[in-house]
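Enquirer: Letter by letter, the sequence shown follows residues 1032 to 1241 of this note's numbering.
No wet-lab data here; the hints were simulated from the structure. Incorrect hints may appear among the rest.
The calculated lysine-lysine pairs, modelled on DSSO-like cross-linking and capped at a C-alpha distance of 30 Å, are [stated by the list, open to error]:
id, residue 1, residue 2
1, Lys1090, Lys1133
2, Lys1096, Lys1128
3, Lys1107, Lys1133
4, Lys1142, Lys1107
5, Lys1177, Lys1165
Keep in mind that this is a model prediction, so the values were computed, not measured.
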Amino acid sequence: MVSLETFSSRLSHRSLTGWRLCLLLIQIGGGGGPSMHQKANKTIPHQEYLLPLFHQSSKSPAMRKHAMDLVMQAVKFLNPGQIPVITADQPLFAIAKQIQWKCPEFYGENKITLLLGGLHIEMSFLKTVGTLLKDSGWVEALVNDKVATSGCAESFLNGSHVTRTRRAHQLTACAHFMLLKHASLLLFCTHCLALHWKRMCCVLRTGKSL
1032 MVSLETFSSR LSHRSLTGWR LCLLLIQIGG GGGPSMHQKA NKTIPHQEYL LPLFHQSSKS
1092 PAMRKHAMDL VMQAVKFLNP GQIPVITADQ PLFAIAKQIQ WKCPEFYGEN KITLLLGGLH
1152 IEMSFLKTVG TLLKDSGWVE ALVNDKVATS GCAESFLNGS HVTRTRRAHQ LTACAHFMLL
1212 KHASLLLFCT HCLALHWKRM CCVLRTGKSL
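Whole structure, please, built from the sequences with the hints as guidance.
Expert: Right under this line is the structure:
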């Protein structure tokens, strides 16, 4: 039987790498530390503008091209020299990339940047972490500690359910760092006891303290 505590205490390199990636995602989502805010304050503030909503269907290639044109014109007017960045879900992203590949002279990667939406990026990220944790004992540890059922824990490796998978990684990371904290405290106490014992032995031998 493998428990979450036992599993965390004998982490493999793949598992540790996966959780470091997870913590990096949490830190990025949380806005980072004070140093990141200090750097952001030194940058020149950019101008923002909210474009009106389109009434036509966004799935048509003509509409995607029209949206890309409007965004490029707006960015060129508000922030000259800046490369526009458009974020879209997977179906719209695929259409926009086809337009970019067909007309590189107008919509090349040096003229406009296309990004997948945050949900798809996180799903791909969690799937990558699941690949690192495969056959590491992580799933068995979650099942034995009754964090999730066997089928649900197996689905965490694919990242199909983002909320549940994220929670499982957060619980595992918390358990791991609690063990690290206990280990560091134990090491500190052991060092203090060894130093105290050394002083007592010195006093008994010489009658003088260190």
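Enquirer: Each hint should be assessed against the structure and marked as holding or not.
Expert: Hints, one by one, checked against the model:
1. Lys1090 / Lys1133: Holds, at about 17 Å.
2. Lys1096 / Lys1128: Distance of about 10 Å is within 30 Å: holds.
3. Lys1107 / Lys1133: holds (22 Å)
4. Lys1142 / Lys1107: holds (11 Å)
5. Lys1177 / Lys1165: It holds: about 19 Å lies between the C-alpha atoms, which stays within 30 Å.
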